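**Q** In case you want the letters, here they are:
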Amino acid sequence: MEGNDAARAAERVARESYGRLVAFLAARTRDVAGAEDALAEAFAAALRMWPVEGVPHNPDAWLLTVARRRQTDALRRRTTRRAGEEHLIMMADEIEAAAETPDEIPDRRLALMFACAHPAIERGMRAPLILQTILGLTAIDIAAAFLIPPATMGQRLVRAKTRIKDAGIPFAIPDKEELPERLDAVLDAIYAAYAKGWAEIGDAASAALADEAIWLGRLVVSLLPDEPEAKGVLALMLYTEARRAARRSPDGAYVPLEEQDTSLWDDSQIGLAEALLRAANAGGPSGRYQIEAAIQSAHVARRTLGAETWPAIFALYDHLLALSASPVVALNRAMALAELEGPAAALAAIEPLAADKRMADYQPHWAARGHLLARAGRKDEAREALTLALGLTTDTAVRHYLQGQIAKLADA
Amino acid sequence: MRYMMLIHHDETALANAPQKELWADYAAFNEALAKAGSGMSAGERLQPASAATTVRSAGDKTDVLDGPYADTKEQLAGYFLIDVPDLEEAIVWAKRCPSSRYGSIEIRPLATTYPRPDPSLRGQGS
Numbered sequence: 075m076e077g078n079d080a081a082r083a084a085e086r087v088a089r090e091s092y093g094r095l096v097a098f099l100a101a102r103t104r105d106v107a108g109a110e111d112a113l114a115e116a117f118a119a120a121l122r123m124w125p126v127e128g129v130p131h132n133p134d135a136w137l138l139t140v141a142r143r144r145q146t147d148a149l150r151r152r153t154t155r156r157a158g159e160e161h162l163i164m165m166a167d168e169i170e171a172a173a174e175t176p177d178e179i180p181d182r183r184l185a186l187m188f189a190c191a192h193p194a195i196e197r198g199m200r201a202p203l204i205l206q207t208i209l210g211l212t213a214i215d216i217a218a219a220f221l222i223p224p225a226t227m228g229q230r231l232v233r234a235k236t237r238i239k240d241a242g243i244p245f246a247i248p249d250k251e252e253l254p255e256r257l258d259a260v261l262d263a264i265y266a267a268y269a270k271g272w273a274e275i276g277d278a279a280s281a282a283l284a285d286e287a288i289w290l291g292r293l294v295v296s297l298l299p300d301e302p303e304a305k306g307v308l309a310l311m312l313y314t315e316a317r318r319a320a321r322r323s324p325d326g327a328y329v330p331l332e333e334q335d336t337s338l339w340d341d342s343q344i345g346l347a348e349a350l351l352r353a354a355n356a357g358g359p360s361g362r363y364q365i366e367a368a369i370q371s372a373h374v375a376r377r378t379l380g381a382e383t384w385p386a387i388f389a390l391y392d393h394l395l396a397l398s399a400s401p402v403v404a405l406n407r408a409m410a411l412a413e414l415e416g417p418a419a420a421l422a423a424i425e426p427l428a429a430d431k432r433m434a435d436y437q438p439h440w441a442a443r444g445h446l447l448a449r450a451g452r453k454d455e456a457r458e459a460l461t462l463a464l465g466l467t468t469d470t471a472v473r474h475y476l477q478g479q480i481a482k483l484a485d486a
Numbered sequence: 167m168r169y170m171m172l173i174h175h176d177e178t179a180l181a182n183a184p185q186k187e188l189w190a191d192y193a194a195f196n197e198a199l200a201k202a203g204s205g206m207s208a209g210e211r212l213q214p215a216s217a218a219t220t221v222r223s224a225g226d227k228t229d230v231l232d233g234p235y236a237d238t239k240e241q242l243a244g245y246f247l248i249d250v251p252d253l254e255e256a257i258v259w260a261k262r263c264p265s266s267r268y269g270s271i272e273i274r275p276l277a278t279t280y281p282r283p284d285p286s287l288r289g290q291g292s
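Protein sequence lines correspond, in order, to chains A and B.
Take 75 as the starting number for the first sequence in this note's numbering and just add one per residue.
Take 167 as the starting number for the second sequence in this note's numbering and just add one per residue.
Isolated chain A, as found in the complex (with noise of 0.2 Å):
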């Protein structure tokens, strides 16, 4: 039983104070990997002792403690080879913080944050980064959410930790003119590892990390409770999340958003991003994460009080494709001018994307044509969109949802 508690104990330290330790860790010397084995030591001491000795008054302290032991031995060590005055001063430094032993452990989640979200490090690699220091996944959870094999999710984990530290990338909240920039990279890596989590549907990995993702973002709301973007962005991933169990009828087939049972909605959740929009609103300008929230509050105005909509939502695209130009808002804001204005007006906006390279093998852009030109009647040019994005689905809901739609062509 002791033992249980220890472990549990253990645990729920790892859960709410991992990223924590490891932010405060690392803070002084940039060297994440180093902070994340003096940690791992330090927890296992803890499986060790806490069942004998019982769980500490402060658990965080203790690990912070054993932690920083290891860390000031592993310096010791690396200095007896190459003697050097800065590492005589950190050294100190570690020695007289170590005695400090704080009640509360400062907060440099933030800081850390903005260091894996740094402009230096590869794009792609700022999700599994910040899911690795701030929650303490393992590369092999983030290879299996990811899609990667976990040998080259830990090797590309282990060289952006030493880009880290090599690089000299500050642990540092940027100052009042570099933040809207270095917070977007923040929060589109958060976005990334929801939408990732969003994407594979049945994936048990790809699953938690949607929830993982949704963390992220209220501790990043926590931390920066000034930020609209940062409260735009986890109101985007509350009211997608709130229909996760809509998306998908009792026998596994896809349900597009225009027939899904609004009683599956979660209500919860739609009233907490509601709540998150409205202060985000209020708190200053729009950022792209503020808009596409307002266009699912849009969505969910529409479907569950039959509010007239669909030209606020078109506002909404218009006003975010000036603030990014990307094709995947182009065909979003067509999809609505489609419930305005009809198919002709929307497959006619969406011409110049058939040229654009990075939408020939996007597959929302080929069943959305695909739907279009059958709305518009233009069967055989609605087949051979459907049989691309047929072509291009990796999900098995949807393909058999295109299939369905592709007999349908060929039936009526």
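No lab work stands behind these hints: they were computed from the structure.
You may find that some hints are simply not true.
Within a straight-line C-alpha distance of at most 20 Å, the following computed SDA-like cross-link-like pairs (lysine to any residue) qualify [to be verified]:
no., chain 1, residue 1, chain 2, residue 2
1, A, K482, B, E187
2, B, K261, A, G276
3, A, K431, B, D252
4, A, K270, A, R322
5, A, K431, B, V250
6, A, K482, B, A193
7, A, K239, A, G210
8, A, K453, A, A481
9, B, K239, B, A193
Derived Cβ-Cβ restraints for the label pairs, each shown as a range [unchecked claim]:
no., chain 1, residue 1, chain 2, residue 2, range
10, A, G345, B, T178, 47 to 57 Å
11, A, I214, B, L247, 28 to 38 Å
12, B, Q185, A, G357, 51 to 61 Å
13, A, P244, B, T178, 53 to 63 Å
14, A, R292, B, G203, 36 to 46 Å
15, B, K201, A, D392, 25 to 35 Å
16, A, R151, B, L212, 49 to 59 Å
17, A, A282, B, L212, 37 to 47 Å
18, A, E382, B, R267, 55 to 65 Å
Source: prediction; values computed, not measured.
Ideal Cβ positions, reconstructed from N, Cα and C, are used throughout, including at glycine.
Keeping the supplied structure of chain A fixed, place chain B upon it in accordance with the hints.
**A** What follows is chain B alone, placed relative to chain A:
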């Protein structure tokens, strides 16, 4: 990065698959591959492993055997080529390939460097 995507099939699983749906999915996959750009090529489908012959020479002895190189449950059944920025994209294409549901897709980057030929051997055999 250019990758050769090697399709390995469990021939029984493939034979038991709904054939009409499978080949319709394959047709769609090949069209998507062709549309995706240059460097992507729909590959070739091989006859079953039972049609294979394996030759191996050692010293002055040559073995000619019936059957495939390795007698495993999953056999090489075909291939296609892609040209994509990175492994992640290659994995997406592997997932799109209908055969990933009846066997496995091995992703092999094409070699970009070759050993230099030994100049002293120049002219040999020509």
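**Q** Are the hints correct? Go through all of them and say.
**A** Now the hints, each set against the structure:
1. K482/A <-> E187/B: holds, 15 Å
2. K261/B <-> G276/A: Status holds; Cα separation ~15 Å.
3. K431/A <-> D252/B: This hinted pair holds, its Cα atoms lying about 16 Å apart.
4. K270/A <-> R322/A: holds, 17 Å
5. K431/A <-> V250/B: Between K431/A and V250/B the Cα gap is close to 12 Å, so the pair holds against 20 Å.
6. K482/A <-> A193/B: Status holds; Cα separation ~18 Å.
7. K239/A <-> G210/A: holds, 19 Å
8. K453/A <-> A481/A: holds, 11 Å
9. K239/B <-> A193/B: Violated, at roughly 26 Å.
10. G345/A <-> T178/B: 47 to 57 Å: For T178/B against G345/A, whose Cβ atoms are near 52 Å apart, the range 47 to 57 Å holds.
11. I214/A <-> L247/B: 28 to 38 Å: holds, 30 Å
12. Q185/B <-> G357/A: 51 to 61 Å: holds, 58 Å
13. P244/A <-> T178/B: 53 to 63 Å: holds, 58 Å
14. R292/A <-> G203/B: 36 to 46 Å: Holds: the Cβ-Cβ distance is about 41 Å, inside 36 to 46 Å.
15. K201/B <-> D392/A: 25 to 35 Å: Because 29 Å falls inside the window, the suggested range holds.
16. R151/A <-> L212/B: 49 to 59 Å: Holds, at about 57 Å.
17. A282/A <-> L212/B: 37 to 47 Å: This hint holds: roughly 39 Å between Cβ atoms.
18. E382/A <-> R267/B: 55 to 65 Å: violated, 43 Å
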